[in-house]
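Undergrad: Listed in order, the protein sequences are those of chains W and G.
In this text, residue positions in the first sequence follow the UniProt record's numbering: the first is 1, and each later residue adds one.
In this text, residue positions in the second sequence follow the UniProt record's numbering: the first is 1, and each later residue adds one.
Check each hint, because a few of them may be wrong.
Note that identical chains are pooled: a pair holds if it fits in a single copy or bridges any two copies.
[Said to hold, decoys possible] Below, simulated DSBU-like cross-link-like pairs (lysine-lysine); rule was C-alpha separation at most 30 Å, straight line:
1. Lys155 / Lys197
2. Lys328 / Lys277
3. Lys13 / Lys269
4. Lys308 / Lys96
5. Lys13 / Lys277
6. Lys269 / Lys209
7. Lys126 / Lys154
8. Lys177 / Lys328
9. Lys154 / Lys13
10. Lys305 / Lys126
11. Lys177 / Lys308
12. Lys199 / Lys269
Hint data in this document are derived by calculation from the structure and do not stem from the laboratory.
Spelled out, the chains give:
2 protein chains.
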Amino acid sequence: MAATASNKRVILKRYVTGLLSEDDMEVVTMEAPPLAVPAGSEAVLVKNLYVSCDPYMRNRMTRHEMPSYVPDFVPGEVLANFGVMRVISSGHRDFKAGDLVWGITGWEEYTVINNPESLFRINHPKLPLSYYTGILGMPGLTAYAGFFEVSKPKKGEYIFISAASGAVGQIVGQLAKIIGCYVVGSAGSDEKVSLLKTKFCFNDAFNYKKEPDLEAALRRYFPEGIDIYFENVGGETLDAVLPNMRLGGRIAACGMISQYNLERPEGVKNLFYIVTKRLRMEGFLVFDFYDRYYQFEEEMAGYLKEGKVAYVEDVVEGLDAAPAALIKLFTGRNVGKQLVAIARE
Amino acid sequence: MAATASNKRVILKRYVTGLLSEDDMEVVTMEAPPLAVPAGSEAVLVKNLYVSCDPYMRNRMTRHEMPSYVPDFVPGEVLANFGVMRVISSGHRDFKAGDLVWGITGWEEYTVINNPESLFRINHPKLPLSYYTGILGMPGLTAYAGFFEVSKPKKGEYIFISAASGAVGQIVGQLAKIIGCYVVGSAGSDEKVSLLKTKFCFNDAFNYKKEPDLEAALRRYFPEGIDIYFENVGGETLDAVLPNMRLGGRIAACGMISQYNLERPEGVKNLFYIVTKRLRMEGFLVFDFYDRYYQFEEEMAGYLKEGKVAYVEDVVEGLDAAPAALIKLFTGRNVGKQLVAIARE
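All chains should be modelled from the sequences, with the hints used to inform the complete structure.
TA: And the structure:
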């Protein structure tokens, strides 16, 4: 059986403690899988076009004594995450060669996917395919489900979003604007703040690195208090938010990126406000909302086609650049949704 | 107009920082109010029979820059809290002399209540009247609403309760048993642990002071994890609970007594489990559930009459003993619901 020439991939070199570095990963070239799945197999062979860099990957690089919500990566094995793929060969009745799909794949050129039931079809291939790693993929559904289902917004409410120019934050903010909320975002550079105000049309935005007293800053931006905090960062930002929440406020806990590279998480001191302000803080994972995906895809594709939402990506070219791209998430050097283009068709 | 001879009361001497001490309060004797409310007034004059000692009173003794959920006490003025009272004179059409009521009153012998709309009638006066400071009053409704409305239990779920022999904890545990949950409580002495197991029929209970590793202890008591944590203490207990929660678990945040005497609260480090385990942590205040009170009173009075729930009180006699009784809550020396008997009829 013919084989692709080779298969470049990014592997985890060792379990990571502390700050992730490029040296924790390695780009290697392997023998490629056969060009067709074996007869009788229900697997699909895909060519990876784009793969996504997402903060939660850092958690998978730490060895967990107790099983976490996603399996740990294994040193020596290829990294995996959401990607956009072209099916090359399929043993599964739902897919055929040529199909465009998105879902979990390897950080490599070609991947054999043994559970193709996990893949989503791409129904709007005329939109940029890379969007299916972001606004039309996992981060988009995360923003949509977390905002509407978890934080349960009402028109006119005050919304604060941290990491607001990131893959999820930029979408939450725009969805909040669409339904008539007042939206302020924080980000870690003036360039990102400018994006939030001009491109994403937030009501206001600020550079948290320039605010020595974050609690006071939030009091300035939200003199009436915050109804919904879309939590992407955790730690001291959460501590500054809690006293600024309004009675009955909601905190949709999507991620806590400020904590992922710490050996010991920061302590959050202001939790008693959860009692006195009757707050609801609720975590969620996008996996629990996969059954809404196609409904979401239609709605978001519509917004994109109508120009109702903007979207900013930060794309690096090729797997050799992938380790550095992943690290950018934690140093805040990405501007917009970070992804890797493996092959442009 | 005739007057009662005198009116003994407990006043706050100064705003409190750090650990509450008896010296922060003072028992003084004042001129008593007139024996009848003035013509035209809608106030009621009550004779206080029992007053409740509740942890939240500590928060009112600290000066808050921003208004909190209840007003701060004022140095020099009488302390106030829930009590059981006999109406002596009423200018309000809903009350007449002789009525038994419960609600917010002063820590004193006689109080003029200017907003009698805030009072609840006592519909089961043949049960011990003191119960209306506890199982039939604010702590009872707190337990009932927090457990059923906030934590939304299902039969067979695993429930952990901290400060479990306290006013609220003992009731939550017994309600959980009634609907078929598995209930474990923690408390701070072997005597309390024994109460939990024998009197309140918890499935299990432990003395947290004898557990050097609380997280490991909870893993032993809940090998399947915790569905509902009824949070009364905060701080390191919360940190130990979070990794032991099950997917989709709920934390009903009722209070955080371990933190009330600290100038700077402890930091809680394990909040990321809120995301990975999709937890909901929700604060509540009993005030939001007052409209259910009479329904609750009937249900709980029924349980008491049928012997379905047990109830343990820790009663001190007289206002002179009230400051020390309040402090017992924070040193853990009370056994069961702490209250002060001012006058036994």
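Undergrad: When Cα atoms must be at most 30 Å apart, do Lys308 and Lys96 count as within-copy, between-copy, both, or neither?
TA: Neither: 34 Å inside a chain and 64 Å across chains, both beyond 30 Å.
Undergrad: Treating 30 Å as the Cα threshold, decide for Lys154 and Lys13: within, between, both or neither.
TA: Neither. Shortest intra-copy (47 Å) and inter-copy (45 Å) distances fail the 30 Å Cα cut-off.
Undergrad: Go through the copies and call it for Lys126 and Lys154: within, between, both or neither, with a Cα cutoff of 30 Å.
TA: Result: close neither inside a copy nor across copies, 33 Å intra and 47 Å inter.
Undergrad: When no copy is specified for Lys328 and Lys277, does a C-alpha distance of 30 Å or less occur within a copy, between copies, both, or neither?
TA: Result: close only across copies, 27 Å inter versus 36 Å intra.
Undergrad: 30 Å Cα cut-off: does Lys199 pair with Lys269 within a copy, between copies, both or neither?
TA: neither (35 Å within a copy, 36 Å between copies)
Undergrad: Which holds for Lys13 with Lys277 at a C-alpha limit of 30 Å: within a copy, between copies, both or neither?
TA: Cα proximity of Lys13 and Lys277: across copies only (28 Å, versus 46 Å in one copy).
Undergrad: Please sort Lys155 with Lys197 into within, between, both or neither, judging by C-alpha distance up to 30 Å.
TA: The answer is within: 20 Å in one copy meets 30 Å, while 50 Å across copies does not.
Undergrad: Pop the pair Lys269 and Lys209 into one bin, within, between, both or neither, using alpha-carbon distances up to 30 Å.
TA: both (21 Å within a copy, 22 Å between copies)
Undergrad: For Lys13 and Lys269, with the copy left unspecified, which applies at a CA distance of at most 30 Å: within, between, both, or neither?
TA: between (36 Å within a copy, 28 Å between copies)
Undergrad: Within, between, both or neither: how does the pair Lys177, Lys308 come out at a Cα-Cα threshold of 30 Å?
TA: within (10 Å within a copy, 53 Å between copies)
Undergrad: Indicate which option fits the pair Lys177, Lys328 if close means a Cα-Cα distance not exceeding 30 Å: within, between, both or neither.
TA: within (28 Å within a copy, 51 Å between copies)
Undergrad: Regarding Lys305 and Lys126, is the shortest C-alpha distance of 30 Å or less found within a copy, between copies, in both, or in neither?
TA: within (10 Å within a copy, 71 Å between copies)
Hints 4, 7, 9, 12 from the earlier list are contradicted by this structure; the remaining hints agree with it.
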